[in-house]
Amino acid sequence: MACSDSDYVYLGKLVQAQSANVVDPARKTLFESRLQPLVRVAGAANLEGLVGLLRESRSAPLHRAVAEAMTINETSFFRDVKPFDLLRDEVLPQLIEQRSAERRLRIWSAASSTGQEAYSLAMLLVEHFPQLARWDVRIIGTDLSREVIEYARRGRYRRLEMNRGLPAKLLVKHFRRDEDEWEVSEGLKALCEFEVGNLCVPSVRTFAFDLVLLRNVLLYFSKPDRTAVFREVHRKLSSRGFLVLGNAEQAEDSTELFRAEFSKDCYFYRPIFDEVRNRI
Amino acid sequence: MRALIVDDSSFTRKYLREHLARLGVTCVEAQDGTEALEVLRREEEFDLTLSDVNMPRMDGLTFVKSLREEGLGPAMKVMMITTETDNSFITRALAYGANEFLMKPFTSQSLKEKLLLMGFAGTA
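Residue numbers (our numbering), protein chains in the order written: chain A, 1116 to 1395; chain B, 858 to 981.
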């Protein structure tokens, strides 16, 4: 027996409740292909069986695993190129000037997937801002999926991933080949840390980020969830910080907490505050 | 935009030509480094050369070194497309004058991303 329409509606609601990711229940093939490995792991006979298990149990790990399996993990080194030009030419010089007294930078790669964005940022810093070698710099990648966070921590990439967006001169400088994989240098790993985190669940981190990259994530979220995520990002961003979204994303339709600016062919966002905060 | 494809495999040349055509790139083909040098010496300028490495008569490394030494298309970007993936090989290719590097096998997406990286924004 195949899943009923109501089963797919149930799966869609479950995924949205767990991760805010909106997946149209009509995309049955997507559900089937993404959840097939989980069907076997859960010991179900088929997708319908998995839905039965999900409906019966309140097993948080199984519900969470469904949401993780439906998450889109598309990423590449220096994805879209232009946002990294923006960071190199506009954003980072301003942040470095702002933070020159404390010599500290905190960058958040939100929904970091397998880590290419965080390591691209690390390469950008090492290549273009050598003075930061004496600073306290942390690039923190978070993602809903434990699996991709483990992958990012290992920092080992396959040929298909190395072919995507990574300049050859950075490949030879920052990666070591080990048979069919390439491993990120210890120097880059030292700048990056990765942890599991749900964008929709407020975290207890106390320090403010200077720069948040939240790219190609919110286009899969509902407007109320986008609004909630912007509120959380605003809370975590320093008063003179920067937010960069994906090329196809904008904040204006979901929040009034940020104002858009444009440079280097890219939009980016600055937080708006009604009152001065004492957290920078 | 014009590109020169250098590869002894007619299959690879066709694959690259068809992908680049979809991106609005006009292509000329050569089967090895020797033929490619002849094309560059007599043809008008190219924006980009995509070259294999292991080819008969003249390999890709000798080809890129020669074209740079002769000053053929000084503004032309060169991307090596090869199964040679050792860091030492890539370093040598860059030192000889290659600008980028794509490992075989590759996808159309990775080709587009490399072109974007090389400044061919309209192609991605």
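Everything labelled a hint here was simulated from the structure, so no lab data went into it. Note that the structure is predicted; figures quoted are calculated from it, not measured. Mixed in with the good hints, there may be bad ones.
The list that follows gives simulated cross-link-like pairs (lysine to aspartate or glutamate, DMTMM-like), each with its CA atoms no further than 25 Å apart [unchecked claim]: (1) A:1197 / B:904; (2) B:934 / A:1293; (3) A:1284 / B:904.
How the hints compare with the structure:
no.: 1; hint: A:1197 / B:904; verdict: 21 Å, holds
no.: 2; hint: B:934 / A:1293; verdict: 29 Å, violated
no.: 3; hint: A:1284 / B:904; verdict: 20 Å, holds
In summary, the one numbered hint that this structure violates is 2.
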